[in-house]
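Asks: Residues per chain are reported as follows:
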Amino acid sequence: MPLFNTIPIHTPESVELEFVLAGVGSRAVALTLDYLCLGVGLTGLTLVYSFLLVRLLAMDTVLTIPSETVQLWLTAIAAVLAFFFYIGYFALFETWWYGQTPGKRYAKIRVIRDDGQPERLPQATLRSLLRPIDDILFIGFFCILLSKSEKRVGDWLAGTLVVQADPVTAGEIQVPERSQAIGKDLLGLVDMARLSPDDFATVREFLQRRQAMSPKAKTLVSDQLARRFKNQLGLETLPTEMTTDTFLEALYYAYQES
Amino acid sequence: MNPSAQQGSQLGPLNPGDVVSAALRLYKDRFKTFLQLALLATLWIVAGLVGLVLAIAILAGIGAGVGGDVGAVIGGLLGLLVGFAPLLYGSAKYYALSSVIGRLCFRDLINQPETALDARRQVAPQLGQFLLLGFLLLLAYMASYLLGTLAAVIVGGSVGFLTGGILTALINQTVGGVVGVFLGLVLGVGILLIALIWVASRLFIAEVVLAIEPQQDAGGSMTRSWELTQAAIMRIQVVFLATFLIQLPLLSVTNYIPSILLELLPVDGVVYGITFALSLVLSLLGSMVVLPLWQAVKGVLYYDLRSRREGLDLALRHDGGTEL
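Protein chains in written order, with our numbering: chain A, 121 to 378; chain B, 100 to 423.
Calculated from the structure, these hints are not laboratory results. We treat Cβ as the ideally placed atom computed from N, Cα and C, and that holds for glycine. Not one of these hints is a red herring.
Covered stretches of chain B (in silico footprint by chain A; criterion: 3 or more residues with CB under 8 Å from a CB of chain A, positions within the stretch not fixed): (1) 117 to 129; (2) 340 to 347; (3) 404 to 416.
Think about it this way: if two alpha-carbon atoms lie no more than 27 Å apart in a straight line, the pair counts; the simulated DSS-like pairs of lysine-lysine are: (4) B:K127 x A:K268; (5) A:K268 x B:K131; (6) A:K336 x A:K350; (7) A:K271 x B:K127; (8) B:K127 x A:K228.
Looking at chain A on its own, in the form it has when it is part of the complex:
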């Protein structure tokens, strides 16, 4: 992906890995969603706090402690809880989910250490503690935007990187039996080596993504791809009557088998 910055990482085993950096956009998405989650959580905490406060103050006469002390204690506890909630949300999620929070999971990014290892509790905590500093005057935003490795202050100090998570391959493609049979026929008819791995990838992606396409466009693309590959394989006539989708499924099956 040329539009996105990449970073090479030398692992201790002296293997060089290349990671695609998360990008400002994905990090903004993750931050927005995480802050929305946090906002909901903190609102809940505030509601519980005010409910408790009202209740305890109403019991003023029962308790022997003066109401001001109760108020102070409760406020202090709520503040500490809110702080831990804020820090803990990021630190714990990132530790448990190997560098991901709910927002990062949605944005398909994760935090790793500078050497490519997964992030652990110390890094996650450091990042989380420095988050308020990065938020002040958008310091973190400018650091991400201007630094080559897209690090905010928390990332510099914790020695972490935020990269794109490995794309989870979209579900298995189910090839119907009829298409499989046609695929077997095709293997006997043509040399599948005429299809390049790129061609195969195109067929696979089409089959994976066709559900999300509009019916009209799906027919159009299916037709176009089928025609192109039919010519490329030098197929004069097709073994049987079939739809273009079936032909592509058969190709997919045959290529895998060959």
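Starting from the known structure of chain A, arrange chain B on it as the hints suggest.
Replies: This is chain B only, laid out in the frame that chain A set:
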């Protein structure tokens, strides 16, 4: 224009965050071109506004000379009518020029980059359609606002009233009243907001469709935008929020903080006048700088939706087809 783009490679559908990152990157790569277009667009809309004000001032002046106070009022009204022409022309120009940015981004993504001049030449004959599109969008927003308000009043009102009535019977009138009003208000505002956001998202990319697709007219662009965004409402919200967050550092300095400061100043006096003028210029500058970002986002989003819904990237992958 994009040095690292390889011929034949296609990005395909993008994550919401990547839509924003890609848009920012394209803006960075062609910063001067995009900013120039944004400057031109902004100047056109300012020129339109100045034209309106001038028309009113001149005709009111003439009216005052001919028929005193009554003449001035009539002249002013006439000026408003006449001044509408430059304003409309200016806004059509603004709209067309800013959409050119979206078009350039899209062309970059499909590896068929254009120069700004070429793109402007392609878009120029559509000026009337851009004006029409602006008008149609305004109508659509007004209609959704009216319908949303109606639904909000009916649903929010009835639910609030019912809850209030039940709670009044069960507990007492104060609790019933407060909870009823609160629930009705929250529900009503929620319905109205959702209706507006929904319509705005469905029509979000209409102007880049008009700028990109050949032989497209205003109505067709709206239909296309409606159809492409069908399954993408949530994704568009996320893209919108992320873009908003990214422009925040700039806009808070140029637009938001000055307008808050302005609220704090006493309304009379020279100081207020100067501050007002300064903040106006500043906010205009801020909006000008973020305009390309939003247009780039729309261009990238158009590419993303075309790939997702219509397999554009698959169709272009090998033969680099010219049809759009």
